[in-house]
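Undergrad: Spelled out from the first residue to the last, the chains are:
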Amino acid sequence: KAGVTQTPRYLIKTRGQQVTLSCSPISGHRSVSWYQQTPGQGLQFLFEYFSETQRNKGNFPGRFSGRQFSNSRSEMNVSTLELGDSALYLCASSSGGDYEKLFFGSGTQLSVL
Amino acid sequence: QKEVEQNSGPLSVPEGAIASLNCTYSDRGSQSFFWYRQYSGKSPELIMFIYSNGDKEDGRFTAQLNKASQYVSLLIRDSQPSDSATYLCAVTEGGKLIFGQGTELSVKP
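Protein chains in written order, with my numbering: chain E, 1 to 113; chain F, 1 to 109.
If we strip away everything but chain E, and leave its shape as in the complex, we get (with noise of 0.2 Å):
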């Protein structure tokens, strides 16, 4: 069963781009959250998809996006980048938001020059 897939790996962009990343969760699983991970703040929530909808929402500026299609997959959006959004990117999946069974991806890792 093929877990978690992120693309792209890595990414490199300038400040006030816009970037987008993409999430492919394990076949089944129809909640997808998406977390930023930084040496400073540590892991932090962005947003959280079940079946199309944003279940729930982190404190993050409002140009942090996302959306799920229907088939579980996942995007997240950021635009007009700044260099303080560089980071890691994990996506997560589970069955149905139950967080016993939250299984991460490998990641994008985002810098913003």
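Rather than coming from a laboratory, the hints here were simulated on the basis of the structure.
Model, not experiment: these values are computed from the prediction.
Where hints are given, some of them may not hold.
Said to hold, decoys possible - Computed Cβ-Cβ distance ranges for the label pairs, DEER-style:
{"#": "1", "chain 1": "F", "residue 1": "PRO10", "chain 2": "E", "residue 2": "GLN41", "range": "14 to 22 Å"}
{"#": "2", "chain 1": "F", "residue 1": "GLU57", "chain 2": "E", "residue 2": "GLU82", "range": "41 to 49 Å"}
{"#": "3", "chain 1": "E", "residue 1": "GLN41", "chain 2": "F", "residue 2": "TYR39", "range": "36 to 44 Å"}
{"#": "4", "chain 1": "E", "residue 1": "SER27", "chain 2": "F", "residue 2": "LYS108", "range": "20 to 28 Å"}
{"#": "5", "chain 1": "F", "residue 1": "LEU75", "chain 2": "E", "residue 2": "GLY3", "range": "26 to 34 Å"}
{"#": "6", "chain 1": "F", "residue 1": "TYR51", "chain 2": "E", "residue 2": "ARG67", "range": "17 to 25 Å"}
{"#": "7", "chain 1": "F", "residue 1": "GLY59", "chain 2": "E", "residue 2": "ARG30", "range": "29 to 37 Å"}
{"#": "8", "chain 1": "E", "residue 1": "THR80", "chain 2": "F", "residue 2": "LYS108", "range": "28 to 36 Å"}
What the hints assert, rightly or not - Here are the simulated DSSO-like pairs of lysine-lysine, each with C-alpha atoms no more than 27 Å apart in a straight line:
{"#": "9", "chain 1": "E", "residue 1": "LYS57", "chain 2": "F", "residue 2": "LYS42"}
{"#": "10", "chain 1": "F", "residue 1": "LYS42", "chain 2": "F", "residue 2": "LYS108"}
{"#": "11", "chain 1": "F", "residue 1": "LYS108", "chain 2": "E", "residue 2": "LYS101"}
{"#": "12", "chain 1": "E", "residue 1": "LYS101", "chain 2": "E", "residue 2": "LYS57"}
C-beta atoms are modelled at their ideal positions from N, C-alpha and C, and glycine is treated no differently.
Using the hints provided, position chain F relative to the given structure of chain E.
TA: Chain F in isolation, oriented as in the chain E frame:
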């Protein structure tokens, strides 16, 4: 005050010793508690979860929960060098999973 607090470490223990990792949380309404392990350059993986006060054992790992004190801990018995990693405490809060900063554990041979 941070919602989930952990000592950042590093915590260094000799091989074969017991490693004790601690976590406190601020939301008294939290119901579910998790420990994730993250090796350097890798993504977090779930190693334990606990819902009720008391101890829960799984192999060399024991999770302990005290809701009155808002405290959760992870004990690793017979620590091995392969246990060297960052251990993340996570707590459910308002439908979200909130992580602590993590404690770096180093097990010396």
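Undergrad: Does 36 to 44 Å hold as the CB distance between E/GLN41 and F/TYR39, or does it fail?
TA: violated (20 Å)
Undergrad: Using the beta carbons of F/LEU75 and E/GLY3, state whether their distance is inside 26 to 34 Å or not.
TA: holds (29 Å)
Undergrad: Are F/GLY59 and E/ARG30 spaced within 29 to 37 Å by their CB atoms?
TA: holds (30 Å)
Undergrad: A range of 14 to 22 Å was offered for this pair. Does it hold for the Cβ distance of F/PRO10 and E/GLN41?
TA: holds (19 Å)
Undergrad: Is 20 to 28 Å respected by the C-beta to C-beta distance linking E/SER27 and F/LYS108?
TA: Violated - the Cβ-Cβ distance for E/SER27 and F/LYS108, about 41 Å, lies outside 20 to 28 Å.
Undergrad: Would you check the hint for E/LYS101 and E/LYS57, treating anything up to 27 Å between C-alpha atoms as holding?
TA: holds (20 Å)
Undergrad: Kindly confirm whether 17 to 25 Å is satisfied by the beta carbon distance between F/TYR51 and E/ARG67.
TA: violated (32 Å)
Undergrad: Would the hint linking F/LYS108 and E/LYS101 be met if the CA-CA limit is 27 Å?
TA: Judged against 27 Å, a Cα distance of about 31 Å means the pair is violated.
Undergrad: With a cut-off of 27 Å on the C-alpha distance, tell me whether E/LYS57 and F/LYS42 pass.
TA: holds (25 Å)
Undergrad: Just tell me: holds or violated, for the beta carbon distance of E/THR80 and F/LYS108 against 28 to 36 Å?
TA: violated (46 Å)
Undergrad: Is 41 to 49 Å a correct range for the gap between the Cβ atoms of F/GLU57 and E/GLU82?
TA: holds (45 Å)
Undergrad: Would you mind confirming whether the straight-line C-alpha gap from F/LYS42 to F/LYS108 stays at or under 27 Å?
TA: Roughly 21 Å separates the two Cα atoms, so the pair holds.
Violated hints, listed in ascending order, are 3, 4, 6, 8 and 11; each of the other numbered hints is respected by the structure.
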